[in-house]
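Chemist: As a plain string of letters, each chain reads:
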Amino acid sequence: MSEAPISLTTAPGEPIREGDADADANHEAFLRRAAERGLTASPDRSAAAAVGARWLADAAQTLRDFERARAARGDIA
Amino acid sequence: MNPADLSIAEVGAKFRDGSLTSLALCQAAIERIRARDGAIHAFVEVDEEGAIAEAVAADRAFADGVDRGALQGVPIGVKDLVDVRGMRTRCGSGVPNGGPSADDAAVVARLREAGAVMVGKLATYEFALVGPSFDTPFAPVRNPWSLQHITGGSSSGPAAAVAGGMLRTAIATDTGGSIRSPSGYCGVVGLKPTNGRVPVAGVHPLSPSLDVVGPISASVAEAALTLDALVGTSAWGRPQAASQLGRPIEGLRIGYARAWFVADPSGDAAVIRAVDEMASQLSLLGARIEETAMPDYPLCEACGAVILHAEALLAHEAALRRHGERYGRLAWQSLASGLVLTPDDLSLAKRVAAALRDELDQGPLARFDALLTANTLSPAPPFSAFDGRNAVWTAMRTIAFNVTGHPALALPFDFKGALPLGAQLVGRAYDEATLCQIGDALERASAFAAAPKPRLEEAV
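In the order they appear, the protein sequences are chains A and B. The opening position of the first sequence corresponds to residue 1 in this note's numbering, with each subsequent residue numbered one higher. The opening position of the second sequence corresponds to residue 1 in this note's numbering, with each subsequent residue numbered one higher.
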């Protein structure tokens, strides 16, 4: 788990639409990541997992923003 | 009255005055399971022969003057994520997971020391992740209050077994709400202890930083007695959850975390009314109620999700490579989504969890003896809302306390139509006793406990 999170271009919470280029890119990035780790699955399973991965990437970004804000306030060294 | 409907305290009194035997009680429980579980699917294995032998041994112990406490002779079931010697641990999955367990999990060993009678293993969402699933070897568990509605999970079997009158108490696990949300949907009591209070050895891990073992029971008192048996007497503390039961709550300070859930668009107005009514009832019982601010909930949820998914993938990655196709669709999707997370994300999430714990300890829990807030934000959804292909978001306020580690008690209070509604009390670390004291007082004052139980004979 050494790669940076998948970058997102849609706003958090925005639904992924069929044919959405960003969703397709997200799915492709997920498939590359899965292949590197030796995981395979049918396209519909991996597409759904890619949506979950995108939500988790948002969650991780929320944590980074929180820590950055704490650091800016001087709450952490 | 059928002895299966008596509380643990009631059967305990009868065991000790000789008017009931553990054997008769276990036979009644087994009859109930035979009559009802065909429609509910709470059990994945029932060990009738073993239970009868253990019940006979419990009766013999009483006759010999051996008394191991409240659970002696009481039938109990454990979620099928917990090892029981001689039984397989299937984790709700078709993924190969070895043969029968060679040893009991630490909690099962403690239940045996307490004289409890092991009746069987109870259903779980696959690997305690997500559900309901329709592509595993196990049928989805149905809510005893309405067979067309889900139980919630992941401790679907324990909640349904208790709600269905098949057991008075059961052992479950909670990583993000898996004790509390099915308790809420099924109208039973769920007690998530303080993280680290109960040993997890022999319990299949989902996320070791968040996993806890605790009871789902028919009443607060029974949950407290069960937790005390799980805690045992060890370096982690002495049994105390039941120590304050029956004491008045006059003067206790309870923070009402109302703003934490009322504006959630997924919230059902009936849930808000029910939690408001619980706050009012607590005030009538003499507690001092005051609204309180809480840590940011989306931040709590993000923190819990990152920890859970990062650690769950670590636990499952090797098996996903070998047996990916044997995982149910929803579990595979949930686990694989964690591929996006890095070790740095997990480290950061643990730092944020520590900050959230401090915020709760130094803020609301420094001012109040306990907190009241919502549990699930709706009654149990119908099966028709789930297609088995994609996870469905069901709003609740549970994972924050896996993140911070504080104990939390889910208890029912009202109904919307046929379906139960309830809320959640949250306590200071290692203070399950105050939670149970408040919950017990609230339970006695609520109409829920006296309400008719599910009409299962007609349903079956």
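Simulated from the structure, these hints should not be mistaken for laboratory data. Treat each hint with caution, since some may be false.
Stated by the list, open to error - Some chain A residues near chain B, calculated using beta-carbon distances under 10 angstroms: (1) A23; (2) D24; (3) A25; (4) E28; (5) F30; (6) R37; (7) P43; (8) R45; (9) S46; (10) A60; (11) Q61; (12) L63; (13) A72; (14) G74.
Said to hold, decoys possible - A few chain B residues that don't get close to chain A, going by computed Cβ distances all over 10 angstroms: (15) G38; (16) R258; (17) R351.
Yeah, the Cβ is synthetic: ideal placement off N, Cα and C, and Gly gets one too.
Chemist: Of all the hints numbered above, which does this structure not satisfy? Sort the numbers upward.
Modeler: Violated hints: 1, 2, 3, 4, 7, 13, 14 and 17; rest satisfied.
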